[in-house]
Amino acid sequence: MRSPRAQWTIAFVALVLGFLAIVQLRAQAGGVGLANLSEPDLTTLIASLNQRNTQLAAEVSTLESQARALQQARDQGVSAVGGLRADLAGIRLWAGLDPVTGSGVVVECAGPITADEANELLNDLRLAGAEALAVGSVRVVNATVVAGPPGALSVENVALPSPFLVSAIGNSINLTASLTRVGGIVSQLQVTSPGVQLTVTPADSLVLPATDRSLIPADGQPRL
Amino acid sequence: MANLVARMRRVPSWQFTLAAAMLVLGFVMVAQAGAEPSVVQYTSQQRPPLVETATQLQSQQDGLKAQILQLRAQIESLEASSAGNNTLATSLNQQLQQARLAAGLVDLQGPGVVVQLEDSTQPIPPGGAPGDYLVGASDLLAVVNELWLDGAEAIAVNGERITATSGMTDIGSSILLNGTYLQPPYQIVAIGPSDLYARLTSSANFERFLKARVEGYGIGLGAGSLSKAVVPAYAGTVALDYAGALPSSPAPAPTPTHSGG
Numbered sequence: 001m002r003s004p005r006a007q008w009t010i011a012f013v014a015l016v017l018g019f020l021a022i023v024q025l026r027a028q029a030g031g032v033g034l035a036n037l038s039e040p041d042l043t044t045l046i047a048s049l050n051q052r053n054t055q056l057a058a059e060v061s062t063l064e065s066q067a068r069a070l071q072q073a074r075d076q077g078v079s080a081v082g083g084l085r086a087d088l089a090g091i092r093l094w095a096g097l098d099p100v101t102g103s104g105v106v107v108e109c110a111g112p113i114t115a116d117e118a119n120e121l122l123n124d125l126r127l128a129g130a131e132a133l134a135v136g137s138v139r140v141v142n143a144t145v146v147a148g149p150p151g152a153l154s155v156e157n158v159a160l161p162s163p164f165l166v167s168a169i170g171n172s173i174n175l176t177a178s179l180t181r182v183g184g185i186v187s188q189l190q191v192t193s194p195g196v197q198l199t200v201t202p203a204d205s206l207v208l209p210a211t212d213r214s215l216i217p218a219d220g221q222p223r224l
Numbered sequence: 001m002a003n004l005v006a007r008m009r010r011v012p013s014w015q016f017t018l019a020a021a022m023l024v025l026g027f028v029m030v031a032q033a034g035a036e037p038s039v040v041q042y043t044s045q046q047r048p049p050l051v052e053t054a055t056q057l058q059s060q061q062d063g064l065k066a067q068i069l070q071l072r073a074q075i076e077s078l079e080a081s082s083a084g085n086n087t088l089a090t091s092l093n094q095q096l097q098q099a100r101l102a103a104g105l106v107d108l109q110g111p112g113v114v115v116q117l118e119d120s121t122q123p124i125p126p127g128g129a130p131g132d133y134l135v136g137a138s139d140l141l142a143v144v145n146e147l148w149l150d151g152a153e154a155i156a157v158n159g160e161r162i163t164a165t166s167g168m169t170d171i172g173s174s175i176l177l178n179g180t181y182l183q184p185p186y187q188i189v190a191i192g193p194s195d196l197y198a199r200l201t202s203s204a205n206f207e208r209f210l211k212a213r214v215e216g217y218g219i220g221l222g223a224g225s226l227s228k229a230v231v232p233a234y235a236g237t238v239a240l241d242y243a244g245a246l247p248s249s250p251a252p253a254p255t256p257t258h259s260g261g
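Chains as they are written, first to last, in our numbering: chain G, 1 to 224; chain S, 1 to 261.
Honestly, the hints are just simulated from the structure, not real lab data.
Just so it is clear, the structure is predicted and the values come from calculations on it, not from any experiment.
The beta carbon of each residue, even a glycine, is placed where N, CA and C say it ideally should be.
Heads up, a few of these hints could be off.
As the list claims (entries may be wrong) - DEER-style ranges, computed between Cβ atoms: (1) G:ARG213 <-> S:SER202: 21 to 29 angstroms; (2) S:SER59 <-> G:SER3: 42 to 50 angstroms; (3) G:SER38 <-> S:SER138: 19 to 27 angstroms; (4) S:ALA129 <-> G:ASP212: 36 to 44 angstroms; (5) G:VAL158 <-> S:GLY244: 48 to 56 angstroms; (6) S:GLN97 <-> G:ARG213: 16 to 24 angstroms.
Said to hold, decoys possible - Derived list of chain S stretches under chain G, where covered just means 3 residues or more per stretch with a C-beta under 8 angstroms from a C-beta of chain G: (7) 52-66; (8) 118-129.
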């Protein structure tokens, strides 16, 4: 029979082993976890999450109202056509299926700007809250990518003139500040691509066309 | 020899177990003591509460996104059931289904591609920038943009659907997409034509990426074609605060014009 002392020894060793195994695994798995972010990065992340959560909460609120209205219409046997129309119009507008208007900024892109730099500009505008974008006369949707060599850029098979304009509808102050801030794309390109010039101008009344792309997937099916 | 074996047989088996355990313990303790921290340890007192706040906000975000998806499903069901015999309502519902598909509000499946990117495990040479050895937003964008050019119809990164308003940025050693915090490894899933993988891997941009980032800095890359790729629905906001519909007078399709400013 094993002595109690031996049993306690084994138990203790197993405990320590288990503990160390967990610590070791955690150290490997949590390599880039929140715990490894610097204070400034954590602060930035918190600000971003707060901002996003506020937007999401507003969306929840809107959807709840919409659901309630539909439910009421159903309960009262009243037509929901008005609600359907409004929902359809809103989704189409956001998706780029219809032309759109609003205030925002126009960015004139002059010089030998590369496709990568133009796509970076689109990304930066999205991050800054652009609600609708166009490059030249082409409405930008998720799949819209600028391609080609500098001087011969094209977007969705439409050749871009030089200089060309990128239009963005959104809060023009935020859009301008984001692009022109220290370390933003305008100052970055001044350093990395001196011949390239981005000029950001606020605009009161932009009109962007609907997309020409077919956004209905041909290869993808709704997953039921 | 037989003596030795006989003596060993008399040792209780638990002592062998214990010896083995102590041996492993010894190894693990040395490994733990010798393990270099992979990142600098920040010792300020501010950090734990910040980490906790960020964790709570992430958790809150997950909840909000789940609510959004659930409410959209509920609305869809209410709208569909409101049609009844009303042909206009039926037509509107059909148009709504198409609009939702176009907007990325529907889970999709179909043939496609998966590309996985991981931080480099190469040792950073003296004078090297640690950031170069991490997967950044520009890396993800390079692959995603090439996939769009090659005919992808829908793309998600770690479950985040990419939409017309989706922006991607670096945060520390991780990435924010759609305002959501993503950690490596990053899985890019795309649905598209059945030859999407071939198109991607033979493209000049992809080769450039391989050379610069994978060969150059050891960024981990795995890619393959999928017969059944799944791209989830966008779980964010479609609200527009600045963009609105054109006044509904019949007008030809406009090219972008601007006034003022």
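Taking the hints in turn, this is what the structure says about them:
| no. | hint | result |
| --- | --- | --- |
| 1 | G:ARG213 <-> S:SER202: 21 to 29 angstroms | holds, 23 angstroms |
| 2 | S:SER59 <-> G:SER3: 42 to 50 angstroms | holds, 49 angstroms |
| 3 | G:SER38 <-> S:SER138: 19 to 27 angstroms | holds, 20 angstroms |
| 4 | S:ALA129 <-> G:ASP212: 36 to 44 angstroms | holds, 41 angstroms |
| 5 | G:VAL158 <-> S:GLY244: 48 to 56 angstroms | violated, 25 angstroms |
| 6 | S:GLN97 <-> G:ARG213: 16 to 24 angstroms | holds, 18 angstroms |
| 7 | 52-66 | holds (count 9) |
| 8 | 118-129 | violated (count 1) |
The structure does not agree with the numbered hints 5, 8 stated previously, though it agrees with the rest.
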